[in-house]
Structure formats: C-alpha cells, structure tokens
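Taking the hints into account, I'd like the entire structure generated from these sequences.
Sequence lines, in order, name chains A and B. Count the first sequence with numbering that gives the first Met the number 0 and you get residues 0 to 742, in order. Count the second sequence with numbering that gives the first Met the number 0 and you get residues 0 to 110, in order.
Hints are computed from structural coordinates only; laboratory data are not their basis. None of these values were measured; they are calculated from a predicted model. Positions of the beta carbon are idealized from the N, C-alpha and C atoms, including for glycine. Wrong hints could be hidden among the right ones.
[What the hints assert, rightly or not] Capping the alpha-carbon separation at 30 Å, the derived lysine-lysine pairs in DSS-like fashion look like this:
(1) B/K49 <-> A/K313
(2) B/K32 <-> B/K71
(3) A/K223 <-> B/K87
(4) A/K636 <-> B/K49
(5) A/K301 <-> A/K219
[Said to hold, decoys possible] One side of the interface only, derived from the structure: several residues of chain B facing chain A at Cβ under 8 Å:
(6) T13
(7) C15
(8) A21
(9) Q23
(10) T46
(11) K71
(12) A79
(13) Q82
(14) S84
(15) F88
(16) Q92
[Unchecked claim] Just the calculated beta-carbon pair ranges, DEER-fashion:
(17) B/T46 <-> A/V541: 45 to 55 Å
(18) B/Q51 <-> A/P637: 20 to 30 Å
(19) B/K44 <-> A/K219: 19 to 29 Å
(20) B/K32 <-> A/P645: 29 to 39 Å
(21) B/K32 <-> A/P6: 28 to 38 Å
(22) B/K49 <-> A/Q521: 49 to 59 Å
(23) A/Y605 <-> B/D93: 53 to 63 Å
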Amino acid sequence: MDSEKIPWRWEEGGLTVTRSTAWSGPGCHNGCGMLLYTNAEGKLVKVEADPDHPYNRGRMSCVRCLALPEVVYHPDRLQHPMKRVGARGENKWERISWDEAYDTIEQRLNKIKAEYGAESVLFSIGTARDQAPYVSRLAYSFGSPHWITMISGYACYLPRVAAGILTQGAYLEPDLAQLYSAGCDDPNWTVPECIIVWGCNPVVSNPDSSLGTWVVDCMKRGSKLIVVDPRLTWLAKKADVWLQIRPGTDTALALGMLDIIVKEGLYDKEFVEQWTFGFEQLSARVAEYPVERVSEITWIPKEKIEAAARLFGKSKPANIKWGVAVDMTRQSHAAAQAIQALWTITGNIDVPGGMFSAAPPFGVIGMADWGTEYLSEEMLAKRFGVDKYPLYNFGFKVGQPDMCLEQMETGVPYPIKAAWIQTTNFLACTSPDPKRTQAAFEKLDFNVVVDLFMTPTAVALADIVLPATTFAERDGMRTFWQPIEIINKAIEPVGDTRSDMQICMDLGKRFRSDMWPWDTVQDMFTEMLAPSGLTWEELREVAPPYPPYEYRKHEKGHARFDGGVGFNTPTGRIELYCAAYESWGIDPLPAFTEPDDSPVSSPDLYAEYPLVLTTGARSWSSFHSEHRQIPHLRALKPDPVVEIHPDAAAKYRVKDGDWVWLENQRGRARRKVVVTPIMDPRVVNTDHGWWLPETEGAAPNLYGIGDVNINNLVPWGAAGATGFGANYKSMLCKIYKVAEGEM
Amino acid sequence: MARSGLLIDYDFCTGCHVCEVACQMEYHYPADKSGIQVQEIGPWKITEDKWQLSYVPVPTDLCNLCAGRVAKGRLPACVAACQQSVMKFGPVQDLLAELESKPKQVLFAPK
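Next up, the structure:
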C-alpha cells in the first residue's frame, strides 16, 4: 500500500471524502483509518473504512465508527458552555459564552491556587485517548502534578507498563505485523507459531493500540492459539487450548506453566544464560506451583495446563497478547512478572513474531506526560502515593488513585479543592464505590467537566460544563506506538463546541502562556512532531509514516539509554528476580495471592455470596460508558446483562430475560439474565460502564447509575503491594430476582 | 447478465455486526431492519474439548447486492466493511470455484 500517493481529500459522486483517523472522542484505544463522507452542506453523511489504511488493513474494526454520524448529530450533544444554576445534581444549567466560562475557571482555580497551592487541583481523565498529552500539559501549566484516572489501583494498562519498564526495561506487546505498513506481507516479519490471548478478547475489545484483526490474521496464517478466559468467547472456541480460568488466578496459571516449561527443559537456555537475571531463584519459586496445585487454584484441568505450557514452550516465535485482566488482579505486578517470565525464558523478546518493545513513533511525544520538565521535583513528589509506592516512578507520572480519593476525604497531607474532569465519566464507569467518589468530589469547591454529552458525572459534580467536538470536527494526530496518524477535520464543529486540544490550549495559555506559545493547534502539533522532522501539514501529505523497527536491540547496544549492550534495567538483564521490589519490601519473585473475596480466602462470604463475579467484558457496540444513547449501537445491546450457566440459573431460580440483582457485601446492580453454557457454573460475568441516558438525569437518579453501575460492588482502597492492581474482575456475589415495583 | 453473489468464509466470522450496521447506514434502515443479519449458531458443547459457536451473516430480502455502489465500481457496503475480510462479492461462477477451495464457506445469491 503506497499511502503517500493517496490524497487526504477528494470528491466522489457529489460527496467530499476526507481521510482521517478515528481517535477519541467518541472513544477507542486504536487509530483506524476512516473515510468521512460529507455532503454539499458540509454535513457528515457516512463513514467507511479507509481501504488503503495499513493500521486497520482496510477494514472496519467495529461497528462504532459506522454510527459516527449518529454521535455527531445526536440531539443530546452538548453544544454550548454552560454554568450550573441549581444545586449540584439538579441538572439545571444556563448557557454562557466561552469567554465567560474561561474567565470563571481561570479566576476560581487561580484563587484556589493562591490559597492552597496548585497541588490542590486535580486534572482527571479517563482512557484519555487522545487527550492525555494536552490534559497533562494543562495540569503542569497550572502547576499541579495531578493528572489522574479515578480507578482503584490504576488497574488499566499502567500496571503492566510500570512493571515492564522496571523489570524488562520496556513495555512489551506481541508482534502481530502491526509494525509494518505492509502488515503480514513484510519480509522482516515472521508468523508467530503460537499466540496466547491472555485476559482479553481482542476481536471485541480492540485493546490498547492493538486490533483483534491482527490476531485473526495470524490465525489465518497458521498461528496456534491458547486463550485464557473465564468465558467461551469466539477466540476461545477457535483456540487449540482454551483455559477456562477462575477469575483472579492468572498469576498461579503463569507460575504453573513456567514450572512445566522449566522442568521439561522447554526454555531457551542460551537466552536465559546470556540475558536474564535470577533464573535459578525463579525456578525454585515456580517449583512451589506444581500443576496439581495450580489446577486446584485455577479450576483448569491439569492436562490443559500441561498442553498449553508445552505448546507455548515448543513454539518459536511465540507471543502473548496480554490484557486488562492482568491489571485487574490485586497483585498485578506479580501477574505481570510471571507472564513476562513466560515470554522471557522462552527467548521470545524482540524477535520477529515475538514480543516487541512499544514506544511512541519516531520519538514523538506519546500518550501523556507532556511538559513534566516544567514542574519542580518538589512538586512532582507531591503526587499521591509516590513515597509509599515507588513503582509509580516507573512509566507514566501519575498518582495512586486510592490515595487520591482518601486525601480528598481527609485533606491530609494537603487539601484537594477543585477538579478539572475531561473525557471521563467515572461515576458511571471507572470508579469503584461511586457513591463514595461522588461524596468526595461534592466536597470540592469547584468542578469543571468537558465532554460530548451530559453524563451522570457532569450532572452530579460540575459547576461548569464545556462541550467537546468529536474527531470528525477537528484536526489532530495519533502517536501511540506506530505509525504516526493524521486526524483531518471533515466538518465544522457542531454548535459552539471546541476540540479537547483547543480547550486545553485556550486555558493553558491563561495559566502559563510560555508553555503554549502556539497560535493554532496545528502549530502545537508541529512542535510535538519535531523529533520526526515533519510538520503537521507535511504529516497530512505522507500519513501514516511507519518508523523502522529494529529487532534484537539488546544485542546491539540499542535498548539501553546509556548505549550499553543489554536491556534497560539496573542489571542490564531481564530481571526475573527483581531486586528493586525486594528493596521496597515486596517479594522479588512472582507469587500467587488469592483475591480478597474468593471461595478460598473468604469462605464465610462465599457461603452468603456463592458465585464468583467477573466484570468488564467488552461489548461490540460501546466503548466503556460511551454510546449508550446511540440508537443503532444501543439496539445491539439494549440492557446490561449477566451471563450465567444453565445449572446455576436453575439453582438460583432465574431464567433467561429475568431482571435480577447482583449483590455483595458492598452493594448491588441490576442486570438482565442471559443463560449460557459459555460460563463455568460457579462464575457469572457482567458488563461495566452502564448508565441509562434515556432516564432522569437529575439526582438522585443520575441516569440510573445507582441501579446499573456494577462498581457499586467494587471497593476503593484495595490496591496491591505496589499500589497497582485491584480486583475488579474477581469478586463474589449472589443473584436474585428484582421484586415488583423495584424498576 | 451473470448472477452475482456473496461468498462468506464463516470459519473466521467473529459475529461483530459490522456488515449489519454498514448496511443500515448505507440505506438509512432503522435499527431493527437490515439487508444482512448475523446469525449465531451455538454455543453448545460437541465433545469435552470442542464447541459449536459460529457466526454466519445472512442476506435478507432487503439485500440488493448494493447495485448502486457496484455500478460505480465499489464493493457492497458489507463486503467493504467486514472486520475480518471474510466476505467476497463477484459473479457466482467465479465464487463457486473459490467455494471449492476450502471448507466452512457459504455462497449466497440473494437476487
């Protein structure tokens, strides 16, 4: 595909076609190439996959971009800045100008800064693709070190990133030919003999900068597949080995597979000898996890664990598509360490078809942390929990969210007084115990929400609401791993909306103009692109450029910042035994810990709540809490559901289509029953991110989150030893029918 | 004129609904109508280790094989969008030869 010769805009059959990249909002983790069709009135009429785009290989990765016109022109879109006129939660607003909104925000936040310091203001984000660079810079230009997601244990992606950087010197992802514009046809690439899909369902979820299509393309070329999932997904059905795991026991499974690979000599002796540290200690540790014990812990038959370990150990190259289930286990660092050890001792690091080191393309600023250098060390040290949890010094410069929440409540060691909340609807989505979170944010003197739609979070908390554009209405770029992609504005902003980037720049200039010296966002993008040697306008002509990828960097002195041979770790080796963990009082080797609430660790609770509950499996038609008001998408999944095995359904007297409560010791959420054999009879699965935009927005209803948010069952304050990880995916619950009159 | 058809490799259909929604958007159908609809076959257990779970997009009576798009040299909306490129459009005679080449395919000639 010679993308250089394809224009970025052309006329076709009376319509104008604009090539662009889908990158939130509406949200996603990826950057599929799209063609946006507009009519003579400048209206977006249709979206199709860009047949020449190498990222999505010319295809639609999901239904959501197809329905983009319904998002853009939805009657509920926020179209003007507004200020609250009733009490918080009353959902009463008055339209104001952007100037008035900015003036108020500037005055209120600066007053708080003068009184309590810049660190008393939070800048909260969600998945923040692609807003994080701009929101982090906004925080830094205000002077605050806090850009943060309200999610316990930062249990999404960042735990794997931090653990990878600490023990492997990089964050690794499977090489599925996505490094090349020619994809699977690139001669530098090798088809992996085996892929483990671990704790994600990529054909549905399309997780962080990786498409399920890439996995399936490998399967079509003969890659064998191992799937670790509590549910029989389509991928699990296609797998050579499906490991139906008890939620929360992934670390034990990895340790058990390591034990088999070590005992049977299936590891890469040369690589282990030359490039790893602590293999003997690891071998001794994994010997504590014989397959019989691991089978008992994980509920997976012994033979299947052996088959998976042997298939992975004997395949080369082999890789692992690891997912958020690794982060959503309380001791996520141990889960990451054990899974990383699997690809390490089998010699699958930085080889074609193995695991590659993910980094922003051409050294261009990636996901976030843009402008950290403007903050003093003293101010950066005020991030929540960095003293208690040194792993927060690896990877992104965020704070520990559970400690953030606690500090909001106690004011110790300093008070939190205001929050800038952009692209996140945490009361419906990421936050555990949403009532507690709501109370903590209600205490603040001043809250601003930036979003596409009015959300439960905005109604409950905002004093000012700012309307953002969708990606169809703005210019931009995408620099998350590879390639660099272009976002070309196809239509004028709807109403009086502004892009997330424009909003951050407008306000950032008011706080620290020297950090935002650009006249336009396009100038700003050019500055960000500097390491690539391209201006934003040049990028538009050549997009998407792929940086060359170099394998075996550790052999050539290209993996360490100091130019030495080896990996970018203190020992220069992959640290199977991590001395840094030891110095922090944490087990230097991976070990399995039972989830807090489980049949094993809390038998009394299990007697009352006899089902293991896992949450957060993705749906085709929504991205986290988004898309619930989009007609063609909502129709694909109209209700929040719980999946339960027929035997369990019979036992607990519920049937397909019943409305039920899922309840534990902390709270409950309403669900519609789907009876299905894809579950283990002891485990139920349910969706996350639900709110009901069609119901009353004003409190106490808040679009129904009190009833339908599954995080009513999830606690704050239960993060792991490193401050990363939380048990969103492994709890206990009971199930019973909703009584008449309860809905 | 030779009859055209849709050849679908249901071995790799993930059931993503992209074909349905692409058709709905192309023809402005409401959410309960489409020119193609994904059918789920299963899930049920065949043996201890084998499951039946597959998806097959089936054209409905609304499908006109995107005659307007095809006349302009474009692929039908569902084929162009398909998440896993498992749909092919062409003369039935050509597709028959491909049907022969591998199992788990189905050929539709909607009109």
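Now for the hints, and whether the structure bears them out:
no., hint, result
1, B/K49 <-> A/K313, "holds, 23 Å"
2, B/K32 <-> B/K71, "holds, 25 Å"
3, A/K223 <-> B/K87, "holds, 25 Å"
4, A/K636 <-> B/K49, "holds, 27 Å"
5, A/K301 <-> A/K219, "holds, 29 Å"
6, T13, "holds, 5 Å"
7, C15, "holds, 6 Å"
8, A21, "holds, 6 Å"
9, Q23, "holds, 6 Å"
10, T46, "violated, 13 Å"
11, K71, "holds, 6 Å"
12, A79, "holds, 6 Å"
13, Q82, "holds, 6 Å"
14, S84, "holds, 6 Å"
15, F88, "violated, 14 Å"
16, Q92, "violated, 25 Å"
17, B/T46 <-> A/V541: 45 to 55 Å, "holds, 53 Å"
18, B/Q51 <-> A/P637: 20 to 30 Å, "holds, 26 Å"
19, B/K44 <-> A/K219: 19 to 29 Å, "holds, 25 Å"
20, B/K32 <-> A/P645: 29 to 39 Å, "holds, 32 Å"
21, B/K32 <-> A/P6: 28 to 38 Å, "holds, 36 Å"
22, B/K49 <-> A/Q521: 49 to 59 Å, "holds, 55 Å"
23, A/Y605 <-> B/D93: 53 to 63 Å, "holds, 60 Å"
Of the hints listed earlier, those the structure fails to meet are numbers 10, 15 and 16, in rising order.
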